[in-house]
Amino acid sequence: EDQVTQSPEALRLQEGESSSLNCSYTVSGLRGLFWYRQDPGKGPEFLFTLYSAGEEKEKERLKATLTKKESFLHITAPKPEDSATYLCAAGGGYQKVTFGIGTKLQVIP
Amino acid sequence: DSGVTQTPKHLITATGQRVTLRCSPRSGDLSVYWYQQSLDQGLQFLIQYYNGEERAKGNILERFSAQQFPDLHSELNLSSLELGDSALYFCASSARQGAGETQYFGPGTRLLVL
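Residue numbers (our numbering), protein chains in the order written: chain A, 1 to 109; chain B, 1001 to 1114.
I should point out that these hints are in silico values taken from the structure, not numbers from a laboratory. Watch out, some of these pointers could steer you wrong.
Unchecked claim - Computed list of lysine to aspartate or glutamate pairs in EDC-like fashion (alpha-carbon distance at most 20 angstroms, straight line):
1. Lys-1057(B) with Asp-2(A)
2. Lys-1057(B) with Glu-58(A)
3. Lys-57(A) with Glu-70(A)
4. Lys-96(A) with Glu-1053(B)
5. Lys-42(A) with Asp-1001(B)
None of the values given here were measured: they were computed from a predicted structure.
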């Protein structure tokens, strides 16, 4: 069965304190690895799609990387407005996309 | 704004009732997905349609059903509602149907069953 595990479940950072969120996946034949940002009560907002190990994508203070077993979302010098839940999802060979529970990030001014 | 629209935004109803949630995908997208998100829980995949046909089923209860119409909008029907059905329901769309396709989510419908 496909599995996506995110860690930590919650992360509290000072403004400007860089860190990384982890997403470990077990899927049969990865088709795509997705990162989303979700604010409370809102729909997930698309951030990145990665397709193969070694691939990296950046957007403002966020950078996503992918290996054969996990993906990282690096947050550089975060600001309070980066506070949200970050979701990881993996699309596997059975044409199914599995979501992780998410990492709840709080950035304190 | 993802381009995916969902109505209504909020819905309050009683146990045993039936409701219909509506979703319009992004322009040009053929695939529609439905998800349920309960309080502090992850996104649970319910069902996927592609160009009017059911393509995949997840943890969807028999009391729930969905369809995608020729104009590609989709409806999720929830019947014999129970307290535990209270949740956020999201619709997402993608251009095609594969597991490598990026899904774009709508703003959701918050359902409260009293």
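Structure versus earlier hints, numbers of those that do not hold, lowest first: Hint 2 contradicted; others consistent.
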